[in-house]
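Protein chains in written order, with this note's numbering: chain A, 1 to 239; chain B, 1 to 239.
You may find that some hints are simply not true.
Since copy identity is lost for identical chains, a pair holds within one copy or between any two.
[Unchecked claim] Okay, derived cross-link-like pairs now, DSBU-like style, lysine-lysine, Cα gap no bigger than 35 Å in a straight line:
hint	residue 1	residue 2
1	Lys-225	Lys-170
2	Lys-230	Lys-170
3	Lys-167	Lys-222
4	Lys-184	Lys-173
5	Lys-225	Lys-167
6	Lys-167	Lys-152
7	Lys-194	Lys-152
8	Lys-218	Lys-160
9	Lys-61	Lys-230
10	Lys-184	Lys-167
Quick caveat, the hints were computed from the structure, so don't treat them as lab data. These numbers were taken from a predicted model, which means no experiment stands behind them.
Protein chains: 2
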Amino acid sequence: MFLYFFILYSLIIIMQPKRAVISLSGGMDSLVTLATAIEQNYIPYALHVNYYQNTQEKELKSFHSICDYYNIKEENKLVVDVDYLKKIGGTSLINGSYHKSDNQDEIPDSYVPFRNANILSIATAWSEIIQADAIFIGASQIDYSGYPDCRKVFFDAFEKTILYGTKRAKPVKIIAPLLNMSKKDTVCEGVRLKVPFELSWSCYYNNDYACGQCDSCKLRLKGFKEANVKDPILYKNNI
Amino acid sequence: MFLYFFILYSLIIIMQPKRAVISLSGGMDSLVTLATAIEQNYIPYALHVNYYQNTQEKELKSFHSICDYYNIKEENKLVVDVDYLKKIGGTSLINGSYHKSDNQDEIPDSYVPFRNANILSIATAWSEIIQADAIFIGASQIDYSGYPDCRKVFFDAFEKTILYGTKRAKPVKIIAPLLNMSKKDTVCEGVRLKVPFELSWSCYYNNDYACGQCDSCKLRLKGFKEANVKDPILYKNNI
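Bound conformation, chain A alone (with noise of 0.2 Å):
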């Protein structure tokens, strides 16, 4: 009798579903690492944190389409307006066009101060609430444009302090599936998974055609050329 309560219980609980929050800009990283989150049987909750960056509409366009395309309800996505990232400023994703630098170790003026850790301070909120497992972004530590906030060491930081900082009894763990992706490896992964890419978006600075300039545009453009996939979205002067 014991025996067969403790297995309905066992059972009860590996077939309980597991909920992920993801961090869905709309860009090809976020669609992939959604798309990893729903193969990993996670039930996706998709957060868009909207910063008031100058492609802001595209990308929330991106966002609705992208759910829309994996039967995302309305009830499991939070929209989020931050205007003190606008307030603050001191980046060019913000009201500004983008600058690029000469110096390659030098981190852009494209960063925006403290993004990741305002955009997981955001979702892990949420993951009390609904009671989520885990919270899926989709930064990478290989192809990426160097800021501080995309790297292991920062996410492994940022889980102490959910640790600390949160009252559940399983504190909720950051997952960043594509983090030792190359742009290469991320467009294969999307490939295999069949990601809709063409609803993604990632110039940080176009909202019609993507510049194809921008340290974005480029490195997606590298990642979709050394992948030898085609990109379906639309470049300036169809590059």
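Start from chain A and add chain B according to the hints.
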């Protein structure tokens, strides 16, 4: 000649004004914290985070009154609305009456999920732009409501997150001067620093007369009583 320039340079470094972001809710703890930062010769940059809590209007008024008292200019203030804590919910501090918990070991329902991490993330982003040396926060782990994000372990973990997640060579440090102070100590410290307690507001629930019943009122009243000081704010039923 070299020595001359060395001394001059050192003097310039020493005499450079230190800047600090102060998390200023408008409560008595944040007021004493602000006064501490000023005493320590920091130029204060006051941050107020409005998360649509029950007493948001009263707290915002306290924030501005305290800033006026200490001659903090408009450009050194940042008032931030975070609607996501309202959207996420899960706390009685937002759109809800306070529910007393009978279990002393339990984290009360006034806990706001990951609030201090959200506030510190905003403060850190701002500190990067204004090149602040410190972030002051008025948390205490002695006479407190049992929130996990008011403890030293949490702040230590957050400092690591800042270290790895920001681009400055000398990351901003977190200073919580009241961390090991009882409410009585905080009141005594406030008296020593001649803070305008009458401008502060601590009640979780009411905007006109402090209720005297919520955790925050109780802790405040206990502090003033033990310090043998009259609390100048108005309480319901003249407590």
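Quick rundown of the hints versus the structure:
1. Lys-225 <-> Lys-170: Classified as neither; 42 Å inside a copy, 39 Å across copies.
2. Lys-230 <-> Lys-170: neither (43 Å within a copy, 43 Å between copies)
3. Lys-167 <-> Lys-222: Answer is between: at 26 Å across copies they meet the 35 Å cutoff, but 43 Å inside does not.
4. Lys-184 <-> Lys-173: within (26 Å within a copy, 38 Å between copies)
5. Lys-225 <-> Lys-167: between (46 Å within a copy, 31 Å between copies)
6. Lys-167 <-> Lys-152: Answer is both; intra-copy 24 Å and inter-copy 15 Å each pass.
7. Lys-194 <-> Lys-152: For Lys-194 and Lys-152, the Cα distance is within 35 Å only inside one copy (27 Å; across copies 46 Å).
8. Lys-218 <-> Lys-160: Classified as both; 34 Å inside a copy, 32 Å across copies.
9. Lys-61 <-> Lys-230: Answer is within; shortest intra-copy Cα gap is 22 Å, inter-copy 56 Å.
10. Lys-184 <-> Lys-167: Answer is between: at 27 Å across copies they meet the 35 Å cutoff, but 39 Å inside does not.
Of the numbered hints stated above, those contradicted by the structure are hints 1 and 2, listed in ascending order.
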